[in-house]
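*Asks:* Using the sequences and the accompanying hints, generate a full structural model.
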Amino acid sequence: MEFLFEDESFSFEALRAAGFANYGGADLGEVLTTARAIPEGDEAAWHREWKATAERVEALGRASLAAGHKVSAREALLRASNYFRTAEFYRRDDPKHDPEVIELSSRSRDAFVTAAELFDFGFERIDIPYENTTLPGYLYTVDGTRRPTVIYNSGYDSTLEESYFAIAAAALARGYNVLAFDGPGQGAALRNQGLVFRPDWEAVITPVIDFALTRPEVGVVALFGYSLGGYLVARAAAFDQRPAAVILDDGLFDFYAAIQHSLPPFITQWIEEGRDDAVAPVMAMLRAFNTQLRWAMRNGQWTMGVDSDAALAREFRRYTLDGVADRIIAPTLVLDAENDQFFKGQPEQVAKALANATLVTLREAEGAGEHCHMGAMSRSHQVIFDWLDETLA
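Counting along the sequence shown from 1, when you hit position 298 you're at 298 in UniProt numbering, and nothing is skipped either side.
Errors might be hidden in some of the hints.
As the list claims (entries may be wrong) - Pairs of lysine to aspartate or glutamate residues, derived as EDC-like cross-links and limited to a Cα-Cα distance of at most 16 Å, are as follows:
hint, residue 1, residue 2
1, 51, 103
2, 344, 364
3, 70, 8
4, 344, 254
5, 96, 326
6, 352, 307
7, 70, 117
8, 352, 315
9, 51, 100
10, 51, 110
11, 352, 254
Simulated from the structure, these hints should not be mistaken for lab results.
*Replies:* In structure tokens, the structure reads:
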């Protein structure tokens, strides 16, 4: 689906920003006005225009809050949070040392937390014990009583604040509590603590579930994996069998196989042969003409703690369900997107490998054919929660 831009990456990210409008994360007019000012593929303009929109909307929210207009403040600050996240997205030249990355991420978080404290349901910032530190999280509760709880696990680039639009708003409306967190390689755990991704995600999910089960509001637990989170929670569920259900949005069996289609075959051969010096200049040329590839490799080096494209590709190889998928015993919903530009064919592979899987493919004709069904959140949530209701009944 082409949305506002011909550039595939810009189109998808604009759809992502706009798609959260259903849960208060955007206004279509604000998205259209912002996008109109951004030339195709111009990452600097993307940052500048989305930041300007975020600051303008944030100021509206702060003014409403100061005047005691809590609903107006909440609505504006939720949108500002999403726009700050969007403004930060392509800042990947040197994200570890880029002050804009920290500033925009912090402002997105601050706007969201201020809005969330005005919710009509329960919201609490939490710290989850993890190894010798903690992971930041949010606990959303319907009314403070014990209820089935969805544990939200984000992906390759999503943030803790995005959890509200991606799953929490829809879950709360249906009577579910939600516990969301930033794991290693994600959000504040990456930006503020320097924690990078790890393939053995059971080492992350197990302490998250341990913490969740100490809370009186948490009843039976379901895992929800968003984008790369579809691999992460599946991997964890192979080793921690306490979750009563698992939802993969979308399914991912092998991360390296998923990205191979974006690379020429000779590049993958050179990577396998360890010819990193030959890979580097060719990848630099390919990056220059492909926004999605450029972003994916730069983001991956940062989030996975490696220093070259070849090293990143080899790191991707470690993210596979091969040899562990048959250990997953929980009922699992595997979502697929007809036009998924990232995980093509992967959900079907996951479903075939599991003993108790339901595969649902959402189509372009219903507006839900993009990765993670961006732009059709209500449709994907209908599938997710109707299945979860019936599975937990």
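*Asks:* Could you run down the list of hints and mark each one as holding or not?
*Replies:* Tested hints:
| no. | hint | result |
| --- | --- | --- |
| 1 | 51 with 103 | holds (11 Å) |
| 2 | 344 with 364 | holds (14 Å) |
| 3 | 70 with 8 | violated (38 Å) |
| 4 | 344 with 254 | holds (11 Å) |
| 5 | 96 with 326 | violated (38 Å) |
| 6 | 352 with 307 | violated (35 Å) |
| 7 | 70 with 117 | holds (10 Å) |
| 8 | 352 with 315 | violated (25 Å) |
| 9 | 51 with 100 | holds (10 Å) |
| 10 | 51 with 110 | holds (15 Å) |
| 11 | 352 with 254 | holds (13 Å) |
Hint violations for this structure: numbers 3, 5, 6 and 8, all remaining hints satisfied.
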